[in-house]
Amino acid sequence: MREALHLEDWQAWSAAQSGVAIRSQHDLSSNVSASPLPPMLRRRLDEVGRATCGILSLLDADRACPLIHASRHGDASHTLQMLASITQGDPISPTRFSMSVHNAVLGVHSIAQRHHLPLQALGACGNEFDALLCEAMGYLVEGYPAVVIVFSEGPLPEPYQEHAEDPGVPCAVGMRLSLGRGAKMVSQAVASPSRPTPADVIAWLNTDSPYLDGLRRWRLEAG
Amino acid sequence: MGNWNTYIMSETSDLTLELKHMIIDTLELEDIAPDDIDPEAPLFGDGLGLDSIDALELGLALQKRYGIKLDAEAEETRQHFANLNALQALVEARRVE
Chain X
1 MREALHLEDW QAWSAAQSGV AIRSQHDLSS NVSASPLPPM LRRRLDEVGR
51 ATCGILSLLD ADRACPLIHA SRHGDASHTL QMLASITQGD PISPTRFSMS
101 VHNAVLGVHS IAQRHHLPLQ ALGACGNEFD ALLCEAMGYL VEGYPAVVIV
151 FSEGPLPEPY QEHAEDPGVP CAVGMRLSLG RGAKMVSQAV ASPSRPTPAD
201 VIAWLNTDSP YLDGLRRWRL EAG
Chain U
1001 MGNWNTYIMS ETSDLTLELK HMIIDTLELE DIAPDDIDPE APLFGDGLGL
1051 DSIDALELGL ALQKRYGIKL DAEAEETRQH FANLNALQAL VEARRVE
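Top line first, the protein sequences correspond to chains X and U.
The numbers in this note's numbering rise by one with no breaks, and the one at position 136 of the first sequence is 136.
In this note's numbering, each residue's number is its place in the second sequence (first place is 1) plus 1000.
Rather than coming from a laboratory, the hints here were simulated on the basis of the structure.
Incorrect hints may appear among the rest.
[Claimed, not checked] Over the 12 Å line for every Cβ pair with chain X, so calculated as not near, a few chain U residues: (1) Leu1017; (2) Pro1034; (3) Asp1035; (4) Asp1051; (5) Asp1054; (6) Ala1055; (7) Gln1063; (8) Ala1072; (9) Ala1074; (10) Glu1076; (11) Gln1079; (12) Ala1086; (13) Ala1089.
[Unchecked claim] Distance ranges between label pairs, derived from CB positions: (14) Ser29/X <-> Ala1089/U: 43 to 51 Å; (15) Leu117/X <-> Arg1095/U: 19 to 27 Å; (16) Leu83/X <-> Arg1078/U: 48 to 56 Å; (17) Ser29/X <-> Lys1069/U: 39 to 47 Å.
[Said to hold, decoys possible] On the chain X side, residues computed to face chain U include the following (Cβ under 8 Å): (18) Pro39; (19) Met40; (20) Arg217.
Bear in mind the structure is a predicted one, so any value in this text is a computation, not a measurement.
Glycine is no exception: its CB is placed at the ideal position from the N, C-alpha and C atoms.
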């Protein structure tokens, strides 16, 4: 028997006035009044990093799920600033350097929430959504009852804008997945694979589009 | 004489405020105001609650702004970073004009 991923719940966030529609029960900004992060940790994250931690805290309130965070570009703004410092011969900020690793956001979240289960950070050249599902399936067949995945992109610095695909606005989307609770996710082969951004995933979950094309075409069956 | 004392006092408090602003800006302490920093309270751990990355960041700021180079491993560095008053004494003694 083949196991199938099921979507139990989801939450999304986009920067103010971004034009990304999110139904209110799934909109992070209408579901949290205060950040789950203490101020001394919160200061280290930008807006999208804070939103990622907010989504993780809502979808894994019991700290019972492995967490997987994907971002194609990561914190490109600060990375570019560090590269500029190096070319000018200036020392780089130890804080920025420490936060420049791809798993920095998950690290801050795990410290703040005392989360002790597996954490994984991914970048997949545009195939982040498929990679997240693949990794989530791995944890689920190993026996974890649920996995929380988050896909986010921050602002893309101006010098990169002509050269990289991105959602155009900072946004993040999280999904809690299991093997039997919620809406069943079904997929079929797709003629021309796509590289969905978090904004595309939000549009699909929001039911603005009937399917989501990645390496496969994904649909949700009524749960 | 009174004027001289007043002069010394204001020089000192100017530097105190300058260092408070340097700590807040450099370490992005967005929820902290200068008045929240007690000059006698520990900067690290209990007190203000800074961590080891902040210590490196602060060391870099002292080097950039005042030309003070510290050895990250030295025990005396730990003493210079004990609280704001200790930091201020360090800057007064070793700043490169």
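Worksheet item: Going back to the hint list, which numbers does this structure go against?
Response: 4, 5, 6, 7, 8, 15, 16, 20
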